[in-house]
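What follows is the residue order along each chain.
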Amino acid sequence: MIRRLVEKTGALIEEFFRYAGQLTILFAQTVTCAITPPFSGYRFLWQAKRVGPGSFFISSLVALFVGMIIALQMAYMMLKLSGEIYIPNVIAVSLTRELGPVLTALIVAGRIGAGITAEIGSMVVTEQVDALRAFAINPVRYLVVPRFLALAVMLPVLTVFAVLVGIFGGFLICYYKLGISHIMYWQMVVDSVGLKDIVTGLAKTVFFGMIIALVGCFEGLHVRGGADGVGRSTTLSVVRSFIMIIMFDCFFTFIFYFLFNA
Amino acid sequence: MIEIANLYKTFDKVQVLNGLNLTVRDGETKVIIGRSGAGKSVLLKSIVGIVAPDSGSIKVGGTEVVGLSEHAYNKVRKNIGLVFQGGALFDSLNVGENIGFVLDEFGRLLPEARRERVAHALSLVGMKGIEEMMPSQLSGGMRKRVSLARVLCMEPKILLYDEPTSEVDPITADAINSLMMEMHDKLKVTSIVVTHDMTTAFKIADSVAMFYHGQVIADGTPDEIRNSRHPVVQQFINGRAVGPVTEDESMKFGHVR
Ligand SMILES: Nc1ncnc2c1ncn2[C@@H]1O[C@H](COP(=O)(O)OP(=O)(O)O)[C@@H](O)[C@H]1O
Ligand SMILES: [Mg+2]
Chain A
1 MIRRLVEKTG
11 ALIEEFFRYA
21 GQLTILFAQT
31 VTCAITPPFS
41 GYRFLWQAKR
51 VGPGSFFISS
61 LVALFVGMII
71 ALQMAYMMLK
81 LSGEIYIPNV
91 IAVSLTRELG
101 PVLTALIVAG
111 RIGAGITAEI
121 GSMVVTEQVD
131 ALRAFAINPV
141 RYLVVPRFLA
151 LAVMLPVLTV
161 FAVLVGIFGG
171 FLICYYKLGI
181 SHIMYWQMVV
191 DSVGLKDIVT
201 GLAKTVFFGM
211 IIALVGCFEG
221 LHVRGGADGV
231 GRSTTLSVVR
241 SFIMIIMFDC
251 FFTFIFYFLF
261 NA
Chain B
1 MIEIANLYKT
11 FDKVQVLNGL
21 NLTVRDGETK
31 VIIGRSGAGK
41 SVLLKSIVGI
51 VAPDSGSIKV
61 GGTEVVGLSE
71 HAYNKVRKNI
81 GLVFQGGALF
91 DSLNVGENIG
101 FVLDEFGRLL
111 PEARRERVAH
121 ALSLVGMKGI
131 EEMMPSQLSG
141 GMRKRVSLAR
151 VLCMEPKILL
161 YDEPTSEVDP
171 ITADAINSLM
181 MEMHDKLKVT
191 SIVVTHDMTT
201 AFKIADSVAM
211 FYHGQVIADG
221 TPDEIRNSRH
231 PVVQQFINGR
241 AVGPVTEDES
251 MKFGHVR
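These protein sequences, in sequence, are chains A and B. The opening residue of the first sequence carries number 1 in our numbering; numbering runs sequentially from there. The opening residue of the second sequence carries number 1 in our numbering; numbering runs sequentially from there.
Excised from the complex, chain B in its bound form (with noise of 0.2 Å):
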């Protein structure tokens, strides 16, 4: 159970989170939807305590973690994997090492049993034998899959996924799709997904919640999402350029005066 309450945090004077109130249940997919720099990121980065908010309360299975220590925050994140929206691989290390990162820092595993475990989660996104290649010679797509990996490898209770689908053609996004649907159904996951790709959104949340100014404006089942009379949330699940989003004198952009 993820418990977000009254959630502020300000970037040099620009307010990205403006009072954020989210609750992901165990074992929920929920989808984070919401126009770039609305502050999904920053939130999943609070989540893990690697952005630390301006005030506001963070509960992960009932232990507050804003203000923690970071020798107490430890213990929470070794639950919690992360799966960054650059993919944020090593790239001094190869995939091999990226993806047992986790196992080779804490692990007490036999080489065979980590190159087992290792090589079971780049089979899970597709990409066997791969381990010798370095991050550099990836596309961005790959270093994606392998970032995805990496977060599976270290078995975590709670799954937050920044963007898994972008940068992927659509044939592997249907993978990833099924991927976190079955960390769901077996593994009982909880899980985040920020994306922008409505069919991933609908086809795998148990709910959805969009980020507008700062701020969770709606929150619901994919139905009940669909269906909402919100114009900001109908404007943004159908795509269009306009509306009252990008009526927003701030946001507008696009037209030649």
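Chain A on its own, in the form it takes in the complex (with noise of 0.2 Å):
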């Protein structure tokens, strides 16, 4: 029992370090082709159209409900240590450093990932892909460069746009619901973020983008068999997705917190 426990522990283990390896394989292709001619303009632009607009309503809808949550939240406790009005900060600070990031990453990984990994692997399954390299065309430049290239720099600017969203969903609680004058509230933001946690936020950003566009691309490459194997893919890119997201957040906060506050 404890063996067996061992022993699929090990497998996950040794899987996992599997799949980082062939992801920073296809991370190296990517860069490789993406700093070498010949360059497309287009194919980049035409992906970062399909990241950026569609995804900034409901990426804004979403921040603009979790300020009004954190705001609420906050309320609940600080009205009883008589401390509403650092419920501003809080709202800034967390969503700058954290939620505005991971969250906005979470929903494009699900709505532009996916996307990515059914596009991808229903070319792989009616042999596109293979046609691409028999005329010559390496795939990774074709197909990984533009994607990648538009959700490194297409993530860091919605989540601008979700942040800006979220601190505003706050002030509406705190304005109408808590009584805080609307100067106070921006002045308050605005003393509360500093460039450190704007820069880190943005940082962040720009890898979980990079993370999303390569595991979809990954997952989309590797599909076997017909639609289910699409399907299976689909499924399999959102969920790699997220927990790579949420690891690698992990990962940046701790490396951030020894770097500014050691």
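Derived from the structure by calculation, the hints contain no laboratory data. A portion of the hints provided could be inaccurate.
Taking lysine to aspartate or glutamate pairs in the EDC-like style, the calculated list, with each CA pair at most 20 Å apart, reads [unchecked claim]:
1) A/K49 x B/D91
2) B/K203 x B/D174
3) B/K75 x A/D130
4) B/K75 x B/D104
5) B/K78 x A/D130
6) B/K78 x A/E84
Two independent chains are provided; combine them into the complex using the hints.
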């Protein structure tokens, strides 16, 4: 029983490292292709257009409600301590550093990452990826690089908007429910958020964007079988990018903590 | 010249190519016949390097391509056009973009010249003026022909056709046969044509090779194949359900016990 458990865990760990290795190889190939000519600005813009505007509404909507929820949760505690004046601080800092980047990344992973896997996966199944190779085109350059760059650039942009909307959501509660004046609210927000918070928050999202694109493309390129294979890989893609995003978030938070606080 | 020697390929314990030998001379049209699942598509894909053989040798124009790096292989690939069995059209691009794909990726053609090349390639397969349609709007036979036009547009020295006349009506099939013969006569293209259509096979072939159990069991001129005494070849070209091929227990079907 214990032995089974150990074996199972061992196999899982081995699988994890194998996967991490394969992703690293794809990452290296992607970066190599991205920094060597020929470049295709057109394909990058095309992908950026698909990632950005389409995800703007949903990520902002979620952020708006999250901002309101934090405000109410904080009010519940801070009113007891007569500290409601710190609520804007908490909203601004937690959204900028953690919630904005992570929530936006998770939404985009579900929306765009899954789409990438399904699209590339069906190209694999219908031999379109084989056709690319037969025409002397590197599929990594043609398919992965534009998506990789588009997500690395667009996720930070989406996050900035989401954070702003989230802070506005907090404002709605603070102003209408808690009686904090709007001058006071925005003053507190500006004072509490430092450059450090913004930089660490946004730096993470660049990596999250890369993770979503790499996992999405990797799962798509490794589809086996037909339509059911595409479905299976799409599910896997979302699950795996969720796990990777949360793991990397923990890792970055750890690093930044020691970098700036030690 | 394409020289294939001792080619082996196994997929999950299924031996698909089993020490296959085949030579296609320059300017020759070689027709490959064999049952579905005999490994014909796998052979064509091995030649362009999208399937990696387990062992053996493939020489294209004297260059050994098995084990070549992707980068070096791409130089070879630019001279080879493969018409995929399922068409393999890029479904995010319209027909015109599909056909001009290689021109757009590598070419330095002016827009006007490019448009003419694409229109010409389409007219060769009898489908003028459908540049704006999307692949999802085409029937199976139309996709096949667009796929053929896409390959013709890159003007390769070697053409590999994977069942070019399946899924098309008899009239179109004959037009495609004529087109393939023209490529052979006028442009001196080296071709491998995989087909189940015996009319096509005997009409266009300089030589015919029959695949069976991952090997070439007969290779010769159309007349030699037609008069072959090999029972498997005879059963196949005459299309009989009863014979040595179907007596092979693993391939038996269609009999109610
Ligand atoms: N990518 C693949 N993975 C696993 N098996 C494959 C693959 N491609 C082909 N096969 C197997 O190889 C055999 C030959 O396939 P193929 O070359 O497509 O036959 P055909 O002669 O009809 O073109 C079949 O049994 C098929 O199942
Ligand atoms: Mg086939």
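To see whether the hints hold, each was checked on the structure:
1. Taken as a hint, the A/K49 and B/D91 pair is honoured in the structure, with Cα atoms around 19 Å apart against an allowance of 20 Å.
2. A threshold of 20 Å between alpha carbons decides the hint, and for B/K203 with B/D174 the separation of about 10 Å falls inside it, so the pair holds.
3. About 16 Å separates the Cα atoms of B/K75 and A/D130, which keeps this hinted pair within 20 Å; it holds.
4. For the given pair, B/K75 sits about 17 Å from B/D104 by alpha-carbon distance, which is consistent with the 20 Å threshold.
5. Restraint check for B/K78 and A/D130: satisfied, since their Cα atoms lie roughly 14 Å apart, inside the 20 Å limit.
6. Note on B/K78 and A/E84: the hinted pairing is violated, with a Cα-Cα distance of about 69 Å set against a maximum of 20 Å.
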